[in-house]
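> Residue-level listing of the chains:
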Amino acid sequence: MARLRPNNVIEGKLKSTGYTGEPTGTIEITENGNYNIKQYANASVQVPQPSGTINITENGAINVYEYANATVNVTYNETLNALLEGTLRTISNSEITKLGSAVFYNISSINYINFPNVTSIAYQCFRNSGVTGFIYFRKLTSIAGEIFMGCNNLTGVDLGEITNVANNSFNGSRNIKTLIIKNRASLGNVNAFTTTPFANGNVGGTLYTNYGNETWYPTATNWVSLSSNNQYKSIQKNLIELQTLGIDITPYYEIVVNLPTQDISTTKVYFKETLVENEYQQWFYGSGEWEQLSNIHLGGNNGS
Amino acid sequence: MVVKENIKINDKDFVKHYSDEQWKIRKIGTDEIYDEAIDLPEMDYEYEETDEKIEEI
Numbered sequence: 001m002a003r004l005r006p007n008n009v010i011e012g013k014l015k016s017t018g019y020t021g022e023p024t025g026t027i028e029i030t031e032n033g034n035y036n037i038k039q040y041a042n043a044s045v046q047v048p049q050p051s052g053t054i055n056i057t058e059n060g061a062i063n064v065y066e067y068a069n070a071t072v073n074v075t076y077n078e079t080l081n082a083l084l085e086g087t088l089r090t091i092s093n094s095e096i097t098k099l100g101s102a103v104f105y106n107i108s109s110i111n112y113i114n115f116p117n118v119t120s121i122a123y124q125c126f127r128n129s130g131v132t133g134f135i136y137f138r139k140l141t142s143i144a145g146e147i148f149m150g151c152n153n154l155t156g157v158d159l160g161e162i163t164n165v166a167n168n169s170f171n172g173s174r175n176i177k178t179l180i181i182k183n184r185a186s187l188g189n190v191n192a193f194t195t196t197p198f199a200n201g202n203v204g205g206t207l208y209t210n211y212g213n214e215t216w217y218p219t220a221t222n223w224v225s226l227s228s229n230n231q232y233k234s235i236q237k238n239l240i241e242l243q244t245l246g247i248d249i250t251p252y253y254e255i256v257v258n259l260p261t262q263d264i265s266t267t268k269v270y271f272k273e274t275l276v277e278n279e280y281q282q283w284f285y286g287s288g289e290w291e292q293l294s295n296i297h298l299g300g301n302n303g304s
Numbered sequence: 001m002v003v004k005e006n007i008k009i010n011d012k013d014f015v016k017h018y019s020d021e022q023w024k025i026r027k028i029g030t031d032e033i034y035d036e037a038i039d040l041p042e043m044d045y046e047y048e049e050t051d052e053k054i055e056e057i
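Chains A and B are the protein sequences, given in the same order.
Here the numbering used here is used: the first residue of the first sequence is 1, the next is one more, and so on.
Here the numbering used here is used: the first residue of the second sequence is 1, the next is one more, and so on.
None of these hints come from the bench; they were simulated from the model.
Treat the hints with care, as some may be off.
As the list claims (entries may be wrong) - With a cut-off of at most 25 Å between alpha-carbon atoms, the simulated BS3-like pairs for lysine-lysine come out as follows: (1) A:K182 - B:K27; (2) A:K182 - A:K98; (3) B:K4 - A:K177; (4) B:K53 - B:K12; (5) B:K16 - B:K4; (6) B:K27 - B:K53; (7) B:K53 - B:K16; (8) A:K98 - A:K139; (9) A:K177 - B:K8.
Stated by the list, open to error - Label-pair ranges, simulated between beta-carbon atoms: (10) A:E279 - B:D44: 27 to 33 Å; (11) A:T195 - B:N6: 43 to 49 Å; (12) B:Y45 - A:E291: 46 to 52 Å; (13) B:P41 - A:N295: 25 to 31 Å; (14) B:M1 - A:Q292: 30 to 36 Å; (15) B:N6 - A:R138: 36 to 42 Å; (16) A:G204 - B:E55: 24 to 30 Å.
This structure is a prediction, so every number in the text was calculated from the model and none was measured.
Note that CB positions come from ideal geometry on N, CA and C, so glycine has one too.
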């Protein structure tokens with residue numbers, strides 16, 4: 001077992017206790033501080049209760065568990081394939097462009113993720129995890145099946161530019177009420193929304209899209225069978241107005257609501273995210289004032 | 001074989017297509033692939049089996 005002191009850097013593969021080429025080992029971190037771990041394969045990282053930053057920088061099957069307030073930055077070349085276990089609470093990385101299969105499967109402790117540059121998410125990536133609130137994947141182009149299956153703390157997802165909502169994507173996610181899909185996306189099967197508000201006629205969900213033909217979703221294969229309470233709306237970015245107001249346009253959408261069963265009515269609503277110290281908040285503006293959607297306390301010292 | 005059924009959801013009429021051997025199906029004339037396809041009756045879409053099996057949960 002390698003025992004790290006704060007600011008230690010482990011470089012080079014861990015001594016193999018398994019078979020050649022697939023080293024395994026355990027790294028134990030017992031003190032608060034910042035750590036850098038590079039080049040590992042099947043290592044386990046045990047972090048009892050530190051606060052600080054752990055940087056992990058190469059691919060491998062890793063287990064990160066037993067830490068409380070640490071922020072874990074997992075920096076791979078481009079793909080996160082690690083299988084994370086335990087009490088991971090927050091994870092944020094802007095370099096990762098692909099999330100592998102089952103990376104966050106059953107991680108109930110996780111409540112905040114931020115992968116702004118991810119373009120693809122593999123099978124069961126977040127299944128049964130604790131991901132909370134509204135998640136943005138604005139550069140996403142493809143998802144595999146069951147990615148958010150059973151995520152009961154999830155309230156909404158921006159699915160970016162995907163063209164297919166894969167099978168069972170949100171099956172059993174009881175609180176998913178809002179989706180943003182920029183373009184036209186087919187729905188692989190209706191089980192994608194089983195036991196979600198989208199399939200519950202008494203609740204309903206809202207799909208925001210800027211797909212030009214706003215009548216497509218309400219009559220599209222499988223989408224059409226979802227709750228009649230669903231509202232299919234369209235989004236258009238109006239950057240000019242926000243820029244005129246001197247607002248950072250990056251986290252905003254202007255949403256123009258076109259209810260397909262009514263004459264066009266226009267309502268401007270906005271989303272924004274704020275991060276003040278370790279408090280991450282999501283806001284919605286739709287009726288004259290900002291309404292707070294969520295507040296998530298981020299672990300770690302830097303809150304990023 | 002692609003099976004076609006008339007079904008009701010929330011008292012509304014729909015047409016459902018699926019493969020009786022758990023193949024995915026393709027909407028003819030498009031590249032849209034589905035496990036099962038539920039449509040409004042008036043759409044009158046047709047489907048064919050693909051050579052891709054439906055994943056099991």
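> Indicate, hint by hint, whether the structure satisfies it.
Hints versus structure:
no. : hint                       : in the structure
1   : A:K182 - B:K27             : holds, 23 Å
2   : A:K182 - A:K98             : holds, 19 Å
3   : B:K4 - A:K177              : violated, 31 Å
4   : B:K53 - B:K12              : violated, 29 Å
5   : B:K16 - B:K4               : holds, 6 Å
6   : B:K27 - B:K53              : holds, 16 Å
7   : B:K53 - B:K16              : holds, 18 Å
8   : A:K98 - A:K139             : holds, 11 Å
9   : A:K177 - B:K8              : holds, 24 Å
10  : A:E279 - B:D44: 27 to 33 Å : violated, 54 Å
11  : A:T195 - B:N6: 43 to 49 Å  : violated, 24 Å
12  : B:Y45 - A:E291: 46 to 52 Å : violated, 41 Å
13  : B:P41 - A:N295: 25 to 31 Å : violated, 46 Å
14  : B:M1 - A:Q292: 30 to 36 Å  : violated, 53 Å
15  : B:N6 - A:R138: 36 to 42 Å  : holds, 40 Å
16  : A:G204 - B:E55: 24 to 30 Å : holds, 28 Å
Hint violations for this structure: numbers 3, 4, 10, 11, 12, 13 and 14, all remaining hints satisfied.
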